[in-house]
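Sequences and hints are given; from them, build the entire structure.
Residue numbers (our numbering): 1 to 256.
None of these hints come from the bench; they were simulated from the model. Hints are supplied without guarantee of correctness; some may be wrong.
Said to hold, decoys possible - BS3-like, lysine-lysine: derived pairs with alpha carbons at most 30 Å apart:
1) Lys-104 / Lys-120
2) Lys-195 / Lys-18
3) Lys-211 / Lys-104
4) Lys-141 / Lys-252
5) Lys-99 / Lys-44
6) Lys-171 / Lys-44
7) Lys-141 / Lys-217
8) Lys-101 / Lys-131
What the hints assert, rightly or not - So the derived label-pair ranges between C-beta atoms look like this:
9) Gly-24 / Glu-244: 56 to 64 Å
10) Asn-67 / Asp-160: 23 to 31 Å
11) Glu-96 / Lys-171: 19 to 27 Å
12) Gln-223 / Asp-187: 47 to 55 Å
13) Asp-187 / Asn-255: 42 to 50 Å
14) Lys-72 / Lys-101: 16 to 24 Å
15) Val-254 / Asn-173: 54 to 62 Å
16) Lys-141 / Lys-72: 16 to 24 Å
17) Lys-101 / Lys-253: 28 to 36 Å
18) Ala-69 / Glu-237: 42 to 50 Å
19) Lys-253 / Gln-76: 37 to 45 Å
20) Ala-52 / Lys-169: 25 to 33 Å
21) Lys-86 / Asp-187: 13 to 21 Å
Note that the Cβ used here is the ideal one computed from N, Cα and C, for glycine as well.
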Amino acid sequence: MTIIGIDVSHWNGVVDWKKVAASGVNFVFLKASEGTTYVDKTFKTNAANALANGIRVGAYHYAKFGNVAEAKAEAQHFLRTVSGVKITYPLVLDLEENKKKASKSVLTDAAVAFLNAIEKAGYFAMIYSGKSFLETQLDEKRLKPYALWIARYNSYLGRDAGIWQYTDKGKVNGISGNVDMNLAYVDYAALIDKKGTTAPTPPKEEKKLMKTEDANKIIRVLQDRWNASTCQDEKKEMGRLADEVRVAAGMKKVNS
1 MTIIGIDVSH WNGVVDWKKV AASGVNFVFL KASEGTTYVD KTFKTNAANA LANGIRVGAY
61 HYAKFGNVAE AKAEAQHFLR TVSGVKITYP LVLDLEENKK KASKSVLTDA AVAFLNAIEK
121 AGYFAMIYSG KSFLETQLDE KRLKPYALWI ARYNSYLGRD AGIWQYTDKG KVNGISGNVD
181 MNLAYVDYAA LIDKKGTTAP TPPKEEKKLM KTEDANKIIR VLQDRWNAST CQDEKKEMGR
241 LADEVRVAAG MKKVNS
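See the structure below:
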């Protein structure tokens, strides 16, 4: 199953949404905001007219944050911007640059904070990024709970994603010039209609019984004892104890 959609901002000018709907477009992501102050001037008009022509409407926020505090502030700006607008498709964090040179860990923390704020407000949260950016600048494992929209301008996507933005040079009746084109492989409209807020809730982090730094100290002691021992049974016991310490600190076992 593939569902055709587009994404639009003020750069696309005045849109004839009746013609867009007649061309087979089922959904649109509209740019709503950017940073903590910018609002796209065409957002509300495009949302009303797209909805009036039977097109599902989602919105996206272009992120500029570099830490959790900034991400939370941008999320609130996004939520204020979409407030009062009927949203029938996901709300999207558009994260495609790291101009503040945040580490992968910090930038991922910020993205999760933003997406959590969207979910907490009752919306379906999604993240958009370029394929390369997602795979190199973010810790993708921590973003698994969220729907994924990936840009890759190629003949194939080359990875899993719910939505693929495959070109920025599409042509659609009702829009002058080029427009971004997307294929959805998941029926997000049906999910939203069925559940209201449908993004899966991120799993709760298990409570750690021990701090990582304390666990590492104990493991180093056990490792020294393991190195000094000539008894295989004692070595095996040191390995078992080290793994118990790792589990208590939320780390993975390394011994079978």
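Tested hints:
Proposed proximity of Lys-104 and Lys-120 is supported: the alpha carbons are some 24 Å apart, at most 30 Å. Note on Lys-195 and Lys-18: the hinted pairing holds, with a Cα-Cα distance of about 28 Å set against a maximum of 30 Å. Proximity of Lys-211 to Lys-104 is assessed by CA-CA distance (about 22 Å); at most 30 Å being required, the pair is judged to hold. With a C-alpha separation of about 15 Å, the suggested pairing of Lys-141 with Lys-252 holds against the 30 Å cut-off.
A C-alpha spacing of about 29 Å is found between Lys-99 and Lys-44, which places the hinted pair at or below 30 Å, so the restraint holds. Restraint check for Lys-171 and Lys-44: the C-alpha separation of about 23 Å stays at or below 30 Å, so the hint holds. Proposed proximity of Lys-141 and Lys-217 is supported: the alpha carbons are some 27 Å apart, at most 30 Å. Of the supplied pair hints, the one linking Lys-101 and Lys-131 holds, its CA atoms being roughly 18 Å apart against a limit of 30 Å.
Distance hint for Gly-24 and Glu-244: a CB-CB separation of about 58 Å, consistent with the stated range 56 to 64 Å. In this structure the supplied range 23 to 31 Å holds for Asn-67 paired with Asp-160, their Cβ-Cβ distance being about 28 Å. A hinted range of 19 to 27 Å holds for the C-beta pair Glu-96 and Lys-171, which are about 23 Å apart. The hinted window of 47 to 55 Å between Gln-223 and Asp-187 holds, with their beta carbons roughly 52 Å apart.
Range check, Asp-187 to Asn-255: about 45 Å between beta-carbon atoms, so the 42 to 50 Å window is met. Range check, Lys-72 to Lys-101: Cβ separation about 20 Å, and the 16 to 24 Å hint holds. Between Val-254 and Asn-173 the C-beta distance comes to about 59 Å, which sits within the given range of 54 to 62 Å. Distance hint check for Lys-141 and Lys-72: the Cβ-Cβ separation is about 22 Å, which falls inside the suggested range of 16 to 24 Å.
Evaluation of the 28 to 36 Å hint for Lys-101 and Lys-253 yields a pass: the beta carbon distance comes to about 34 Å. The supplied range of 42 to 50 Å is met by Ala-69 and Glu-237, whose beta-carbon atoms lie about 46 Å from each other. Taken as a hint, the range 37 to 45 Å holds for the pair Lys-253 and Gln-76, whose Cβ atoms sit roughly 41 Å apart. One distance hint, 25 to 33 Å for the beta-carbon pair Ala-52 and Lys-169, holds here, with the actual separation near 27 Å.
Checking the proposed 13 to 21 Å range against Lys-86 and Asp-187 shows it holds: the Cβ atoms sit about 19 Å from each other.
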